[in-house]
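*Asks:* Given next are the chains, with one letter for each unit.
Number of protein chains: 2
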Amino acid sequence: VVPTVAWEDGAVVMIDQRRLPAEEVFLRCRDHHEVAAAIRDMAIRGAPAIGVCAAYGLALGARNSVGEGEPLRAEWQAICGELASTRPTAVNLFWAIRRMQGCFDAHAAEGGAGLRDALLAEARQIEAEDLESCRRMGDLGAGLLPAAARVLTHCNAGALATAGYGTALGVIRSAARLGKLDAVFADETRPFLQGARLTAWELLRDGIPVTLLTDNMSGFLMAQGEINAVVVGADRIAANGDVANKVGTYTVAVLAREHKIPFYVAAPVSTIDLATADGRSIPIEERAAEEVTHLAGRRVAAEGVSVRNPAFDVTPARFVTAIVCERGIARPPYDRSLQALAGDARAAVQG
Amino acid sequence: VVPTVAWEDGAVVMIDQRRLPAEEVFLRCRDHHEVAAAIRDMAIRGAPAIGVCAAYGLALGARNSVGEGEPLRAEWQAICGELASTRPTAVNLFWAIRRMQGCFDAHAAEGGAGLRDALLAEARQIEAEDLESCRRMGDLGAGLLPAAARVLTHCNAGALATAGYGTALGVIRSAARLGKLDAVFADETRPFLQGARLTAWELLRDGIPVTLLTDNMSGFLMAQGEINAVVVGADRIAANGDVANKVGTYTVAVLAREHKIPFYVAAPVSTIDLATADGRSIPIEERAAEEVTHLAGRRVAAEGVSVRNPAFDVTPARFVTAIVCERGIARPPYDRSLQALAGDARAAVQG
Numbered sequence: 001v002v003p004t005v006a007w008e009d010g011a012v013v014m015i016d017q018r019r020l021p022a023e024e025v026f027l028r029c030r031d032h033h034e035v036a037a038a039i040r041d042m043a044i045r046g047a048p049a050i051g052v053c054a055a056y057g058l059a060l061g062a063r064n065s066v067g068e069g070e071p072l073r074a075e076w077q078a079i080c081g082e083l084a085s086t087r088p089t090a091v092n093l094f095w096a097i098r099r100m101q102g103c104f105d106a107h108a109a110e111g112g113a114g115l116r117d118a119l120l121a122e123a124r125q126i127e128a129e130d131l132e133s134c135r136r137m138g139d140l141g142a143g144l145l146p147a148a149a150r151v152l153t154h155c156n157a158g159a160l161a162t163a164g165y166g167t168a169l170g171v172i173r174s175a176a177r178l179g180k181l182d183a184v185f186a187d188e189t190r191p192f193l194q195g196a197r198l199t200a201w202e203l204l205r206d207g208i209p210v211t212l213l214t215d216n217m218s219g220f221l222m223a224q225g226e227i228n229a230v231v232v233g234a235d236r237i238a239a240n241g242d243v244a245n246k247v248g249t250y251t252v253a254v255l256a257r258e259h260k261i262p263f264y265v266a267a268p269v270s271t272i273d274l275a276t277a278d279g280r281s282i283p284i285e286e287r288a289a290e291e292v293t294h295l296a297g298r299r300v301a302a303e304g305v306s307v308r309n310p311a312f313d314v315t316p317a318r319f320v321t322a323i324v325c326e327r328g329i330a331r332p333p334y335d336r337s338l339q340a341l342a343g344d345a346r347a348a349v350q351g
Numbered sequence: 352v353v354p355t356v357a358w359e360d361g362a363v364v365m366i367d368q369r370r371l372p373a374e375e376v377f378l379r380c381r382d383h384h385e386v387a388a389a390i391r392d393m394a395i396r397g398a399p400a401i402g403v404c405a406a407y408g409l410a411l412g413a414r415n416s417v418g419e420g421e422p423l424r425a426e427w428q429a430i431c432g433e434l435a436s437t438r439p440t441a442v443n444l445f446w447a448i449r450r451m452q453g454c455f456d457a458h459a460a461e462g463g464a465g466l467r468d469a470l471l472a473e474a475r476q477i478e479a480e481d482l483e484s485c486r487r488m489g490d491l492g493a494g495l496l497p498a499a500a501r502v503l504t505h506c507n508a509g510a511l512a513t514a515g516y517g518t519a520l521g522v523i524r525s526a527a528r529l530g531k532l533d534a535v536f537a538d539e540t541r542p543f544l545q546g547a548r549l550t551a552w553e554l555l556r557d558g559i560p561v562t563l564l565t566d567n568m569s570g571f572l573m574a575q576g577e578i579n580a581v582v583v584g585a586d587r588i589a590a591n592g593d594v595a596n597k598v599g600t601y602t603v604a605v606l607a608r609e610h611k612i613p614f615y616v617a618a619p620v621s622t623i624d625l626a627t628a629d630g631r632s633i634p635i636e637e638r639a640a641e642e643v644t645h646l647a648g649r650r651v652a653a654e655g656v657s658v659r660n661p662a663f664d665v666t667p668a669r670f671v672t673a674i675v676c677e678r679g680i681a682r683p684p685y686d687r688s689l690q691a692l693a694g695d696a697r698a699a700v701q702g
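These protein sequences, in sequence, are chains A and B.
Using this note's numbering, you'd call the opening residue of the first sequence number 1 and step up by one each time.
Using this note's numbering, you'd call the opening residue of the second sequence number 352 and step up by one each time.
In case anyone wonders, no lab produced these hints; they're calculated from the structure.
In this text, all values refer to a predicted model and were calculated from it rather than measured experimentally.
Among these hints, one or two may not hold up.
[Said to hold, decoys possible] Just some of the chain B residues that point at chain A, by a computed CB distance under 7 Å:
id	residue
1	D566
2	N567
3	D664
A virtual CB, placed ideally from N, CA and C, is assigned to each residue, including glycine.
If we strip away everything but chain A, and leave its shape as in the complex, we get (with noise of 0.2 Å):
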């Protein structure tokens, strides 16, 4: 299996996954600086792999630093600055910044060496957590599928976008290995290609069949019976459902719907936000509009055509059948019972 990210010798190693699938190439980031930009780039994507990154990214800044006592504050609080301001969207950027920031704050009285490897240890702590959270999604996610699933999922919620196992793609490995799978249909998902390049990659050398489409081809599958259950990950859940997750989302939450097809989500808890009242105050990142005009390098649009390149959309809660959590499963009403599993997440955390 080959790590989304990894601390080694100093260093934040990770696949670059811009590159993928033609070429394996591992970038190998020595400051916070080629940390964020790794982020900012998307040489690393998915919510819980960014959350995972950015701890890195701040061990990697503390130890890098020679400063001490305020000096070192100050400095701490610019590199947390500076691994945020990387994308807006995901909420478990910023529940890992704040994570490592009470581990800053438990250990800064300490200092020196001590301060570092607390924060290099929190970092691993979020990493293996997370991987722990994807086997368990997986495994409660994949007793909700139906027999003989035949599963769409839209961008890569997969190992890729996780520490390893993925979220939407742990649930199918896991129904994969219950012998419950009977296919996975991959959304592309332009404009960059996680589907195409990243969830039938992953999926392929694990030895899970997958059949690709364009984005637009779903609907015409489900309205000839092809698909008979929705599995995405997500990138920010509110207080009351409402969920953010790669563009295209919604459209195929909505085609569920009409199809009848359960459109489960599957994400950590670390991906509630309880602060976010509802879908309206997510914050929507709109990337270049060079992602859309061009491909592999070369233009293929027509020149001077306006763009719009939203990366996220945000699927209002009446539209999801449930919530896949490593604590369980939500079902609506959603104000509740994520109330129930986020209330403990974050005493979890303080604890």
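Start from chain A and add chain B according to the hints.
*Replies:* Just chain B now, with coordinates in the frame of chain A:
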């Protein structure tokens, strides 16, 4: 204005739509085999344009034949068969071939140059009627749009898909002329990128601003209130009003209904197929996997992935607000309104 297809010195000449917008290259077909290949390989596409092109291809095939009498008739039938086998979904192809067959039968006794000239005149007539139909559809359809229309279109139902002016883009052109147009959004339309390459190109040449979206973004924009009408073309309309059009059209229609946005289809009467009861009987072409796995000649999808590539889908009549034809606007119940329009049309063809 670039003509989509034209007769020029005993050849059928067309702009090669596969190379737009980067290059404006003209393809000169000197026999009907080359015309058939141009249709099959999508150098030319769009249901009405395919009809016009096939008509010229038949005129060319007859002109190149040195036969007369029964040998000519046998050859003619083979030519018709070759052109009919190019693409299965757009009914305008079969409509144009039938109309040219009627012309052949009417002039077969004459033979010689008289028959050849009559066939060329008929093809020219089909082209002229298509252009005139588009202008009338455009003006009729523009009347349906709301003031300050913010229109989404899918694929290219434009000048390049017809003899000129376009069906859905004809409606948009007329709305622009009438000052009713506030914005045009074009789905890029994977896998062939007709929206990014062709719709954006031809609207910008006419000075009509257009904003490009990937196929998974329109749901987000509808939810934000940024789109207030949808206009698309059609490849075949069944007797009950079910509409076959470029894959993804059905998804747009489901989204439009969810957001209470009117969904209009613009197509000439030649697209209405009263012999097909409903959408389930419309053959849906599946094209090569490489159109999905490769972009600009380079593989982007993981090796070994399976692919579905239906080129069209079917939008059930209940999602269609109105169908704009050159003879008037059909509204539900479509079984009656389409019969009224297309019954007329068949009489006109026979007359």
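*Asks:* Take the hints in turn and mark each one as holding or not.
*Replies:* Quick rundown of the hints versus the structure:
Below 7 Å, beta-carbon pairs count as interface contacts, and B:D566 has one with chain A at about 4 Å; its hint therefore holds. Here the hint on B:N567 is kept, as its CB sits about 3 Å from the closest CB of chain A, short of 7 Å. For B:D664, the interface hint holds, since its Cβ comes within 7 Å of a Cβ in chain A; the closest pair sits about 4 Å apart.
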